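Student: Kindly produce the complete structure, drawing on both the sequences and the hints.
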Amino acid sequence: MGQADLQAVAAGGQHRVIEFFQGMSEQERRKLSTHAFAIYKQAEKIYFNTAVSRQSRASMHISLESAACALFATAVPSEMERLRWRAWDELSAVRVLADRSPPWLHEWLDHELAARSAVWSFAKRMVDAGLCPPPTCDNWVLGFIIGDSGHSRRFDKQPLAETIASDPRLQDILWRLFEVEGTQEISLAQHDKYSKSNAWAVAVTTLAEDGRLPRERLLDASLAALTRDFAQFRAGWFSALHEKLKPNPEERRQRRHVYLGLLASRIPPTVSFAVEALTIIDKNGGMDDAILLDHIEPALGARSKKTVLAALKLVGRAVKRSPTLAKKLRMLQVCLAHEAQEVQAAALDLLESTAGLDDKAIAEIVRQGADLLAPSLRRRADRWVGSKEEDGKALAGHAPALVVDIAPPARSRDEAIDILSIAIERLDPVHDIERALDGVSRFCHERDDDFDLKTGPLLKRARKLLAARDAGKPMTGKDPRLDLCALAVSWITASEPPEIGAGASIYQLLSRRIREVALRALRGEGRALLALPTHPSGWIDGATLVDRAQAGDADWLDAIQALLRLRPDEAVAASPAARVVPGEFGCALRYALGATPEPPFMEPSIWLAAHRARFPTQDASFFAADGPDGAKAARYTRRLGLDREYRYLMPALEVQPSVPKRVVPAHLPVLLHCLENGEEAERPSVHRARIRWAATVWPASLEPLFASRMGAAAARWYSSGWGPEAADAAYFESILHSEAPLGPASLFGVSLGLETSDKAIGVFAVDVLIRCLDCARLDASQLGEELGLLIGSGGASLGRVARRLGEVAAYSPLLAGYVRDAIEAALPAMGDSPTNDISHLLSLLNELCAASNLAVRSPAARSVLETLKGGKRARLAAELLGR
Amino acid sequence: MTAGEIAQSYRYAFPSSLRRRDSGVPLLTLATSGGVIANPYFYQGRMLAPRRAADLMLAVAQVARSRFYVPPGMLTRILAAADPVVTSQRGCLRFESLSACCGIYVRLDLLPEALEGDVVGTGTTNVDFNPEMRAALAQLASDEKANLAVGADEFELRRESGAVVERKVPLPSRWLKGFVEVTAYQAAMSPVFDLEGGGILRFLRTLPRAPLGSGVKTWVQAAGGTARVSMRDGPGAVAANGIERLRMLEGIARDARRLRVYSSGGTSAWELTFPDARFSLVMSAEASRGFSGEGQVLENLVAGAPEASLKRVQSAMHWNAQIDADEISRLSGNTADDVRAAIAALGTRGLVGFDLARSSYFRRELPFDLGKVEVLHPRLGAARELLAAGAVSRKGAEIHVRSDDLTYRVRLQDGVASCTCPWFAKHRGDRGPCKHVLAARLWEQDHGAG
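Those protein sequence lines, which keep their order, are chains A and B.
Just so we're aligned, residue 1 is where the first sequence starts under the working numbering, counting upward by one.
Just so we're aligned, residue 884 is where the second sequence starts under the working numbering, counting upward by one.
Just to be clear, a hint being listed does not mean it is correct.
Said to hold, decoys possible - EDC-like mimics (lysine to aspartate or glutamate), calculated; alpha carbons at most 20 Å apart, straight line:
1) A:Lys454 - A:Glu415
2) B:Lys1100 - A:Asp448
3) B:Lys1100 - B:Asp1116
4) B:Lys1278 - A:Asp448
5) B:Lys1278 - A:Asp452
6) A:Lys454 - B:Asp1288
7) A:Lys460 - B:Asp1287
8) B:Lys1028 - B:Glu999
What the hints assert, rightly or not - Restraint ranges, calculated between C-beta atoms of paired labels, are given here:
9) B:Pro1261 - A:Glu81: 24 to 30 Å
10) A:Arg82 - B:Leu1289: 37 to 43 Å
11) B:Leu1289 - A:Ser149: 58 to 64 Å
12) B:Arg894 - A:Glu209: 48 to 54 Å
13) B:Pro1261 - A:Pro159: 57 to 63 Å
14) A:Ser149 - B:Gly1134: 33 to 39 Å
15) B:Leu1289 - A:Leu105: 55 to 61 Å
As the list claims (entries may be wrong) - Partner residues aside, some chain A positions facing chain B, computed with beta carbon under 8 Å:
16) Thr227
17) Gly261
18) Arg303
19) Val334
20) Ala337
21) Ser421
22) Gly456
23) Pro457
24) Pro684
25) Ala726
26) Val763
27) Arg771
28) Cys775
29) Ala810
Bear in mind the hints are in silico, worked out from the structure with no lab data behind them.
No experiment lies behind these values; they were computed from the predicted model shown.
Beta carbons: idealized from backbone N, C-alpha and C, even for Gly.
Tutor: Given below as structure tokens:
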């Protein structure tokens, strides 16, 4: 019998296939296995190929159901393993296998089910049909969680409790479910998360309440599950079930040894669960003090403040009842190093109040944890260990400035080729992009015999990247990598570079400059670039630019960019070398360096760049340029509102004058206000490089960059609920690499960064504050103003703000002082009805005042503190005022 | 089984277990597979701090079952986890494992203070960490007296013979390469800073749960008795991208006395010291970069060492907790430099590991067929092909390597190599040499440096 014959049988449907193989010997079946395998493969291919038309599928006449039946009737496990088989019609497949009854059935099913939970339903049919015993693998047990539906029991018509009660097998399986952890796809926790009404926990509790499931066994099994090495999410189901069963004090007392064992669990919520249970037992007098103290130590090292405080209470009661056990309080050292001041204070309270501990013993315990003790508790600790001078260990000391060497310009054509290759591949550091432009510009006229040999790999790579399927067009401002590739191709093949794309954004400036260099290479006029930075943040040293300018005419955008990057230096302005730089560029250069402006004022672009390099925030009247940071410096207005209904922050940043509809591409400071709205480069690395590069266009100010981003993006952080986008991190990164002072726009971004729940942006914000406060790019009053905005909004998460400011303060005593002053300056912004979480900032202020032994000095802050009544904030206010 | 996979069979004579004997004292029996003999028997004794030892062993097993990075296109593919490896030496039991993504390597060294018993045998083998045993291990109480057996003697084997455990795991070849690469990285590391006592947990608790974002670079810097994650490089900062991977230390750091941080390039090692054990975690330069793709051993593979010298050094290495190069030099008759080169070459074959705390190699023979490791390095294979095709020649100070109709210029100066290929331009040697540099090195071995 050939494949065509078997195909004809299969075309008759699965019933025809079953009839055909009925009673056939194993030997005969094996002869047909190759054909059956081929038919199944073909049927599957057609079924899943969406390109095949319905007619073609219909013309096959063979359904997957019948093909699968043929496969089951003939194949052996090794053949089945070669394809992702599926019993498309499970009933028919079971009939086929029932008739065939191969000896490998049980082992094969166990193996397949262990590898693929999707075959559970088929396995169940096989077991139900009595063809093999229940599989032993975990997936067999787990499959019962979701049952026959394949996804959840939430749509079952019968309540799950009734299903369990009526099915003895399910009752047996239930106990196995306490031993099997489950997977990401199937577990009791996963099922109940989305099936509240027909949840397993509800069903089990109902059955226990009705007496249809043994309550004692459930209590034991749920605890036993917690002692297994289950993941946190899945372990949570068992602790929740245990509590749902509402064990009474006696039931808990009987299980106290299990609870004690759970104190050492690696799952924090399980530790908290055990502490709560032990607290109940302890309150009912069911705890042996010595045993409790032998086991409690792991709970004292827990992360959760609540858990540690509860554990401390347990310890306190135990040593009070059994003073001879006080020597075990050595384990309180870990509490003294806890992040929360309340935990440290509670541990100190316990040590000080415990009879049976001598001063020497307390001193020994306190000494071990003293380094990390909150400043407000140090005086208490000093009583035991004596005050000690700051040895610098607890604080990092003055933050050393980051010294970054800047790579020199290319010294040869070969080096220029290397630099361009590296810039194309890495785009990092962005200074390499400028070095690559400078290298090509310098050596573009050198084309000797081995030029093709040496540029061959670069040319091939550039062409490959340009031709990539997902590559866009070069010279559009979208992707500097493509622009550099276009430059490489244009230079090496001496061909015209592509035209500049439409639109105007700051990123297009880079494309324009790259094209400018490509055109120079085409002309073969080698010349060093004027705009190559001499500092990593983009600055150009005045004397260096004067020196470069001696070489005669430079390209237009190169000259403007060079002026905007110039670091003013009056001494250089007056030098003989500066005086001989010719033309209007020479006049603008001297003006930017510090001289008085000399006419002619013919080219506003040049004068604008020179003026902004020297006076970033002052207006000018001797040239015309529209838009923010044109002739008029940009003015920023910030607001931080609160959505009254959903309580999310609504930041807004406006810039005046507004950006004109048509921006002159050579007006670089104005162009910096034009980012592409919502059009980010596809690759994060490319986007980051673009932003880092844009931050070097005007090294004296990052304000336009932040204003144009934060104006729209920050509002989206909150209104969308998604928080900052990946691209936002690059803006913060640019502050870290810049030397510009923080202005209103960038500071607004940083203060929102302090508040945001995004971990990465939060770390960036802390880094920025450390760096900027440390090198005087920011002062305490500016920071205080920003904190005032956050406090005044009434919706900012001041807990997060305080935690991050605490990190800044921990960096050095100098920064701690700035943070203390900033909080003090910001306190009046809380007004008459401050939010409860103002206590986080007050707590930090209290610690900083304690560390520096200073009181709150500002009268405005003191008067606001005096108004606070009730609760933790009033206690902290009193402490601050009494200092 | 794909081309990049190697079939590894684990055949355990019985499943590992933690059982209470009649006396009530729990006995942890770790089943062994492969290595010097089929099911070696290494250790029998008491665990002096069983709870801690159990937690640390569970952490080793957890890494073997973890994937910290899922490569695109592999979301649904589950790789069978490899079983951890144990090395029995005089005075030390070392458990090692590598995550499935090859980006995290961990090693637990149980020191003599943790154990009281006899080293029955020495060598390296796989150990079975099955779910039942892990669950039982998690229940071990700190005040229990527990015994530990790595392997079993003949009597136990006969008694347990009814429960043979056999698993076939398609180990990705990159997993094997990863093990070898980690040794090369560790050997180049130096300590940067220490944290002690409560400062360790404080730092670990500040770590993010999820990745901080694509391409975001992170560093860790000591500050105020603890450490903080920063986005900024600086003096004393350790590059630690994919920092969320470090969070797994939080669960075991409670009793740690010291956290010592080592670094080399973008790779870092985090070593927790306990009173009786050390737990080291080595983290690759990025979450998406497994150790297997790094190519740090390629230079050693090319440099090699004479086979005779390798054999002499290997036979002189005892199963001590550390390898003493001077002692081996005396025993083998090789110079100390030759011995060091030979040890590095042995590292490429998985025959030695590196102990950062002692700053020395230790003998360990991975129970895998590492003879294939060299073949598994496509770059080295491609370099040999270029050499065989006569594509390498010297032009002045440069070596020209012709490949795909293009000439790549390789410079080898003062041990530093560079090439004009895009791969080298992208990685700048961070991920080992490119095939052109390797071809040039091989050519220089034959023709001498210019």
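Student: Does the structure keep Lys1100 (chain B) and Asp448 (chain A) at a Cα separation of 20 Å or less?
Tutor: Outside the cut-off at roughly 42 Å; violated.
Student: So if I understand the rule, the pair passes when the alpha-carbon distance is 20 Å or less; does Lys454 (chain A) with Glu415 (chain A) pass?
Tutor: holds (11 Å)
Student: Per the CB criterion, is Gly456 (chain A) less than 8 Å away from chain B?
Tutor: holds (5 Å)
Student: Next item in the hint list is Ala337 (chain A). Is there a CB on chain B closer than 8 Å to its CB?
Tutor: holds (2 Å)
Student: When you take the CB atoms of Pro1261 (chain B) and Glu81 (chain A), is the distance between them in 24 to 30 Å?
Tutor: holds (29 Å)
Student: Against chain B, run the beta carbon of Cys775 (chain A) and see if the smallest gap drops under 8 Å.
Tutor: For Cys775 (chain A), the interface hint is violated, since the closest Cβ of chain B sits about 12 Å away, which is over 8 Å.
Student: For a C-alpha distance cap of 20 Å, please report whether Lys1278 (chain B) and Asp448 (chain A) respect it.
Tutor: At roughly 16 Å apart (the allowed maximum being 20 Å), Asp448 (chain A) and Lys1278 (chain B) satisfy the hint.
Student: Take the shortest C-beta to C-beta distance between Ser421 (chain A) and chain B; is it under 8 Å?
Tutor: holds (4 Å)
Student: Would the stated hint for Pro457 (chain A) survive a check requiring a Cβ distance to chain B of less than 8 Å?
Tutor: holds (5 Å)
Student: Do the numbers back the hint for Ala726 (chain A), that is, is its least Cβ distance to chain B under 8 Å?
Tutor: holds (5 Å)
Student: Just to be careful: measuring from the Cβ of Arg303 (chain A) to every Cβ in chain B, is the smallest value less than 8 Å?
Tutor: holds (5 Å)
Student: Taking the beta carbons of Arg82 (chain A) and Leu1289 (chain B), is their distance inside 37 to 43 Å?
Tutor: Holds - the Cβ-Cβ distance for Arg82 (chain A) and Leu1289 (chain B), about 42 Å, lies within 37 to 43 Å.
Hints 2 and 28, counting from the list given before, are not met by this structure.
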